[in-house]
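Chemist: Please model the complete structure; the sequences and the hints are all you need to start from.
Which chain is which? The protein sequence lines are W and V, in order. Residues 0 to 528, numbered by numbering that gives the first Met the number 0, are exactly what the first sequence covers, in order. Residues 0 to 243, numbered by numbering that gives the first Met the number 0, are exactly what the second sequence covers, in order.
Result set (SDA-like, lysine to any residue): computed pairs, CA atoms no more than 25 Å apart in a straight line:
(1) W:K15 <-> W:R92
(2) V:K79 <-> W:W518
(3) V:K216 <-> V:Y229
(4) V:K79 <-> W:A515
(5) V:K230 <-> V:E147
(6) W:K410 <-> W:I22
(7) V:K216 <-> W:P53
(8) W:K328 <-> V:A83
(9) W:K328 <-> V:V61
(10) W:K410 <-> W:P488
(11) W:K402 <-> W:W508
(12) W:K402 <-> V:R69
(13) W:K402 <-> V:P72
(14) W:K269 <-> W:K328
(15) V:K66 <-> W:F333
Only some residues are given here: those of chain V computed to face chain W with a beta carbon under 10 Å:
(16) V45
(17) K66
(18) G76
(19) V94
(20) E110
(21) S168
(22) I171
Since the hints were derived computationally from the structure, they do not count as laboratory data. The beta-carbon is built from N, C-alpha and C at its ideal position, and this holds for glycine as well.
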Amino acid sequence: MMNVLKDWIFTTDHKKIGLLYLIGSIAAFALAGCMALLMRTELSAIGPTITDNPGDYNVWLYFHGAAMILGFQIPALTGFLANYLIPLQIGARDVAFPRVNALSVWLFYMGIVLALMTFVVPNPPDVMWTGYPPYSVLTPGNTALYTFTVLLLGFASILGGVNFLTTITFMRAPGIGWNQLNVFTWCTYGAFILQLIFVPVLGTAVTMITLDKYMGTHFFDPAAGGDVLIYQNLFWFYSHPAVYVIFLPFIGIVFDIVATFARNRIFNYKAAIYGGVGGIVLLAGEVWIHHLYVTGMPDWIRVGQMITTLMISIPVGLLFISLVGTLFKGSIDFRTPMLYGLSVIFLMLIGGLTGIPLAIVSLDLHVSDTYFIIGHFHYVMAVAGTFSIFGGVYYLYPKFTGKMYNEAIAKIGFWLSFIGVNTIFFPMMIVGVTTGMPRRYWDYSQFPDAAPYHTIMGIGAGIIAIGFIVILISWIHGLFKGTPAGDNPWGSRSLEWTTTSPPLAHGNWEAVPTIAEGWGPYEYGTDKA
Amino acid sequence: MHKLGMTGLSLTSSLFGFIASLLPTSGFAKDIPDNAQGFDHLWYEVMVDITIIGVIFAVILVYFMIKYRRRSPDQEGSQKPMSAVSAVGWSVIPVFMFLADDLYLAASGWELYNDYRNVPENAFEVQMEAAMWTWDYTYPNGAKTYNELRVPAGTPVVIRMTSRDTLHSHYIPDFRIKEDSMPGRVTYIWFYPQEPGEHVVTCAEYCGLLHSKMYGKITVMPEDEFTAWYKNEGENLEQAVALN
Chain W
0 MMNVLKDWIF
10 TTDHKKIGLL
20 YLIGSIAAFA
30 LAGCMALLMR
40 TELSAIGPTI
50 TDNPGDYNVW
60 LYFHGAAMIL
70 GFQIPALTGF
80 LANYLIPLQI
90 GARDVAFPRV
100 NALSVWLFYM
110 GIVLALMTFV
120 VPNPPDVMWT
130 GYPPYSVLTP
140 GNTALYTFTV
150 LLLGFASILG
160 GVNFLTTITF
170 MRAPGIGWNQ
180 LNVFTWCTYG
190 AFILQLIFVP
200 VLGTAVTMIT
210 LDKYMGTHFF
220 DPAAGGDVLI
230 YQNLFWFYSH
240 PAVYVIFLPF
250 IGIVFDIVAT
260 FARNRIFNYK
270 AAIYGGVGGI
280 VLLAGEVWIH
290 HLYVTGMPDW
300 IRVGQMITTL
310 MISIPVGLLF
320 ISLVGTLFKG
330 SIDFRTPMLY
340 GLSVIFLMLI
350 GGLTGIPLAI
360 VSLDLHVSDT
370 YFIIGHFHYV
380 MAVAGTFSIF
390 GGVYYLYPKF
400 TGKMYNEAIA
410 KIGFWLSFIG
420 VNTIFFPMMI
430 VGVTTGMPRR
440 YWDYSQFPDA
450 APYHTIMGIG
460 AGIIAIGFIV
470 ILISWIHGLF
480 KGTPAGDNPW
490 GSRSLEWTTT
500 SPPLAHGNWE
510 AVPTIAEGWG
520 PYEYGTDKA
Chain V
0 MHKLGMTGLS
10 LTSSLFGFIA
20 SLLPTSGFAK
30 DIPDNAQGFD
40 HLWYEVMVDI
50 TIIGVIFAVI
60 LVYFMIKYRR
70 RSPDQEGSQK
80 PMSAVSAVGW
90 SVIPVFMFLA
100 DDLYLAASGW
110 ELYNDYRNVP
120 ENAFEVQMEA
130 AMWTWDYTYP
140 NGAKTYNELR
150 VPAGTPVVIR
160 MTSRDTLHSH
170 YIPDFRIKED
180 SMPGRVTYIW
190 FYPQEPGEHV
200 VTCAEYCGLL
210 HSKMYGKITV
220 MPEDEFTAWY
230 KNEGENLEQA
240 VALN
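Modeler: This is the structure in C-alpha cells:
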C-alpha cells in the first residue's frame, strides 16, 4: 500500500500525473458544487432560508467561483486532458520535462489545500473569485489566502505551459507534421500560449492587493494617489484570455470526440486551426474592456473593444461550422461521449449567441452584473466546459482503465445533468433581463417577481446533484464491474488508440510509433489506418 | 458568386451605417431620447438576430444527427478531403458574413450608446456619494436625501457619482442603466423619467456583507409637487444655516 502511494506521489509518468489532476479537480468540482447547492437553497425563497448571515453566502460564492475555475476547469482541461492525451496524440514517450510536470501537480495540490483552508481560518476570504479592491483590501476576510491560492495555481499553469509548448513543438513522432495534429493538441497549444503570456499579469495583480492590504502600499488607494481601476484592468487582461484557456481545450476535445464518433474527417481543418484557434489567440488580449463596460472607462475604449469583442464571433463561427460540418456524411454513433460532445454544441450555441448582446456596450449597461450574465457564462463556459470534461473522461475511460463503463448508467447521468443545467441557467437569463436582479445577492426582497424563477432554479440544482452522483457511480462501477475494453473500442484512427489499454507505464509504446505516409488522425473512409 | 455578391452588399451597407454613426448628431434641435425604449428596441432586434443564427445552426445539426446516424457497426464517414477552392470559400464567405453582422450590430449599439452618454442640456443634476451600504444624494440647492432620490417627471436627470469606501454600482433596472461609483473617480448616468411613479435603485457591484440590501427608490414626482418639496427643503436648509 505504501509503495503504491509512493509510486503515485513521486511519479513522473504523464499519464499518472494526468489522473492525479483528474482526481483533484473532480474533488474540487464536487465541493464547489456543494457550495452551489447551498446557494440555490438559500435563494429558493425570499428572506433567510438556511442562513441569516449574508457573510456565509459570500464565502460559499467565493469558494464556488474560485474552485470551479482555478481548481476544476483549468486543471481538468490543461492538467488532466492535456497530460493524458498530448504525448499519446503526438507519439511521444512522455512530456519534455517530466520532473517539472510532477512539480506542477504538487503545486496544484498545494493550491487545493490552501483553498480548503477557507473553511478553517477564522476570517475566510469573501472577495469573490475576482478579488476587486478596495473591498479586498478593506475586508476583514483573509485576502492573502486568495492571493496565494492564485499564485500557486498560476505557477503550476506557467510550468505546464513551458512543458507542453516544448513537448508539442519538439517531440512529435517523426512524420507528424503541424497539419496532422489532433485538434485537441492544437487547441491546447493555443491555450498554453495564452497562459504563458497572461498568467504573470494575474499574479502581479493579486500580489498588489496583498501588498496594499498587509504591507501598506497604495496601488489602489486614490487618497494616496493610487487608482482602483488598475486592478480590474490587470485582472481582466488575464481573465478574459483565461476564458479561452478553458474554451480552447474543451472545444478541442469535443472536436476529437465528434470526429471519432462520426468516424469522419474534420470539416475544413485548416480554417478551424489557423482561423479559429489562431484567431482566438490573436483576439484574446484585445477584448478585456467588455468586463469594464460599466466602470466608467473612457468611451473610446468601450466602443473600440465592443468591435473587437463582436469580432470574436468570427473565429468561433469558423470553429462552429467546422464542428457541425464534421457530422456531414458521417457515421454517427450516439455513445455517452458523443452525447456530451453534441450537447456541448447546443450549449455553446445558446451561450455563445447570448454573448452577442453582452458585447454591445449600450445593452450591457442594463444587463451587466445581472443574472443574465451568470446564465450566459454558465452556458458558454461553466456547463459547456464541464460537459466536455465529462465527455472526455468517458471518451478516455476505456484507455486509462482498460475497462468499459456501463452505457445505461452513464446515459442516465448525462440526461439528468442536461435537464438540470437547462432548468437552472435558462430561467437565470430570463430573470436577469426581465427583472434586472443583480448577481452576488444573498437575498432579493426588492425583486419579488424573481421568486418563482429561483424556486425553479433550486429544483434544477437538485437534478444536477443527482445526475452527478449517477455519473460518479458509473465511473466507480466501471472500475469494478467493467468488461475489458480492448485497445481501440471506438474504432478511432487517432494515435492514442494504437497503444494498449491502459498504455505501458513507461514510454507508452514498445518503440516510437511509425507514421505512414499521408497518415492523419481523422483519415476515415480510407485504407490508411 | 451570387452569394459573394450578397455578402459584399450587406457588408458595404453596414459599413455605411457604421460611418454614419460617427457623424456628429448634436447641433440639431433634437427630442430627448428615451434610452429605456431605445434599449428595448435594440434588445429585441439583437434577439431576433441571434435566434435566426441559432435556429439555422440547430436545424442543420439535428438534420445531420438524424440523416447520418450509424447504420452498421463498421460503417465509416464518407466525407471527401476538401479542395483548396472550397476550403477558402468555406472560410472567407463565413468570415465576411459574421463580420457584416458584427459591424451592423456594433453600429446600432454605438448609436444607442451615444444617447446613453450625451447628457441633455437641461438635465437636473444631482450628486451621489455611495458608501457601504447607502446611497447619499445631494441636490443643487444643498438638500440631501438618503436611499431615496426624488426627481420631477418630465425632466432628464443626471447623477454625478463617487464613493466613500469601495465599489458600488448605481443600477435602476426600470431605466435600463447602471454605472459603477468608486473612490477617486467621478462617473455619471442620466435617465429620463416621464411619468410619476416609484422605481427600484439597487447595487450591482459586490460591496461586502449587505450588498444585496443596498437598495432604495427613485421617486418620480409630478412637477409641481416636486417643486414644492424642493423649495421647502431649500428653505429649511437656509433656516438651519441661519440658526447656526
